[in-house]
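J.: Each chain is listed here by its residues.
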Amino acid sequence: MLDFLSIDVGTIIFTLCNLLILFLVFKKFLFGRVYKILDERQNDVTETYNKADESLEHAKSLESEYSALMQGAKEESAEIIRNASKKAQQRSDEIISDAKKEAGTILAKADEDVEREKKRAQNELRGEISELAVLVAQKVVEKEINEEDHDRFINDFIENVGDLK
Amino acid sequence: MKVSDFFQGVKNVEIGGPKIAFSFDVFGVKINVTETIIISWAIVLGLTLLVLFLTHDMKKKPVKKRQVIAEFLVETVDNLVKNTMGEKFKAFGPYIAALFASSIFGSLVSLIGLRSVTADFSTTLTWALMSFVMIETAKIRTDGIGGYLKSFINPLNIISEVSTPVSMSFRHFGNVAGGMIITSLIYFALTGLSTAIGLAVPVFCIGIPAVLSLYFDLFSGFMQAFIFIMLTMIYIESACSKE
Chain A
1 MLDFLSIDVG TIIFTLCNLL ILFLVFKKFL FGRVYKILDE RQNDVTETYN KADESLEHAK
61 SLESEYSALM QGAKEESAEI IRNASKKAQQ RSDEIISDAK KEAGTILAKA DEDVEREKKR
121 AQNELRGEIS ELAVLVAQKV VEKEINEEDH DRFINDFIEN VGDLK
Chain B
1001 MKVSDFFQGV KNVEIGGPKI AFSFDVFGVK INVTETIIIS WAIVLGLTLL VLFLTHDMKK
1061 KPVKKRQVIA EFLVETVDNL VKNTMGEKFK AFGPYIAALF ASSIFGSLVS LIGLRSVTAD
1121 FSTTLTWALM SFVMIETAKI RTDGIGGYLK SFINPLNIIS EVSTPVSMSF RHFGNVAGGM
1181 IITSLIYFAL TGLSTAIGLA VPVFCIGIPA VLSLYFDLFS GFMQAFIFIM LTMIYIESAC
1241 SKE
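The listed protein sequences derive, respectively, from chains A and B. Each residue of the first sequence is one higher than the one before, counting from 1 in this note's numbering. Each residue of the second sequence is one higher than the one before, counting from 1001 in this note's numbering.
The following block holds chain A by itself, in its conformation from the complex (with noise of 0.2 Å):
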């Protein structure tokens, strides 16, 4: 047994040693593994944090690619309503100015066929007169004419009515 106090070379090579080789497992096994970990979270959240900022940038970016695309496309819906409009404006003219000429021809149609009818009640009413001439004369002059004479009277007496018309 060595003295209560006393200063033994052996133990304090042993015990230099000893705080040695647990300073350097420490070092290695303890701090050196916590501190590997802890720059790799550290680096993870950086990561994470890089990546959430580059996300939120596609985002921003996306948003305003968007937005151009939705400016566009309002643009030319407006644009396709316009040109349609302008085309119906079109087509109901034309429809107009069609029903317009047609309703000329048919007027004039209908101008035509009162002219031949007016011709035909004048036709008519020429044959009728010339009996109701003959007739009248007969009674008017009481004597036989020959058809030949009857004719032409009746003829010059229609173009007399005609003259006087």
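These are calculated hints, taken from the structure and not from any lab test. One thing to keep in mind: the hints can contain errors.
Claimed, not checked - Short, incomplete list of chain A residues facing chain B, as computed with Cβ under 7 Å: (1) D3; (2) T15; (3) E40.
Unchecked claim - Quick list of in silico lysine to any residue cross-link-like pairs, SDA-like style, CA-CA up to 20 Å: (4) A:K28 <-> B:R1066; (5) B:K1059 <-> A:R41; (6) B:K1059 <-> A:D44; (7) A:K36 <-> A:F23; (8) A:K36 <-> B:F1089; (9) B:K1061 <-> A:Y35; (10) B:K1030 <-> A:F4; (11) B:K1090 <-> A:G32; (12) B:K1019 <-> B:L1114; (13) A:K36 <-> B:K1065; (14) B:K1019 <-> A:V9; (15) B:K1060 <-> A:V45; (16) A:K27 <-> B:T1048; (17) B:K1064 <-> A:I37; (18) A:K27 <-> B:T1076; (19) B:K1060 <-> A:R41; (20) B:K1059 <-> A:T46; (21) A:K36 <-> B:M1058; (22) A:K28 <-> B:K1060; (23) B:K1061 <-> A:T48.
Backbone N, C-alpha and C fix where the C-beta goes; we use that ideal spot for every residue, glycine too.
Given the structure of chain A, go ahead and fit chain B onto it with the hints provided.
T.: Chain B in isolation, oriented as in the chain A frame:
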């Protein structure tokens, strides 16, 4: 304390240094392997295994409690070193941790009936000399060898330098060894008291020493370890800062 002491009580107080387990000669110098060395080997081994266990298979996302403990320990030591010495002394962390662990476990082995490692003056002297070398190295680095030597023009400075390791080693040794002696004396006294009132089994030796050992072993051991590392850090830090 021996197991038989629990039944028969401590009949005589015997205060001695650490026992020699065996000794061998290296180049004619007799090297003793004492109780202290064997226990400190056990402590180093135990701490190494503990550290390996705690830091085994660590993950970025801690899934095991032991990883949290390991990180907590490292961060606590780091913060202590940072707050006491500053950011640039971060590399001292493992040394301070090793010193603190050696000191506190060296004192606390008395709780399981072993002789405290720190109750051996050689141990505390070694640690104090370690600190002393570091302090002096820091001083030489800061002031340069000329400036360092110049400071000893005043011979009182030599005393002040030497007194640092002496006071550190004796403070630590004295507190733990004193606690050990007091514990022995208490067992002796309580055995005497039990015998005086005619009890074969020293009943008073149950419980009462445990309460006292809370102070002399736990509190004192922790305090001395803490004081030792704090002094080491403060001395090194102040040696590194120029006035």
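J.: Checked against the structure, which of the hints given earlier come out wrong?
T.: none
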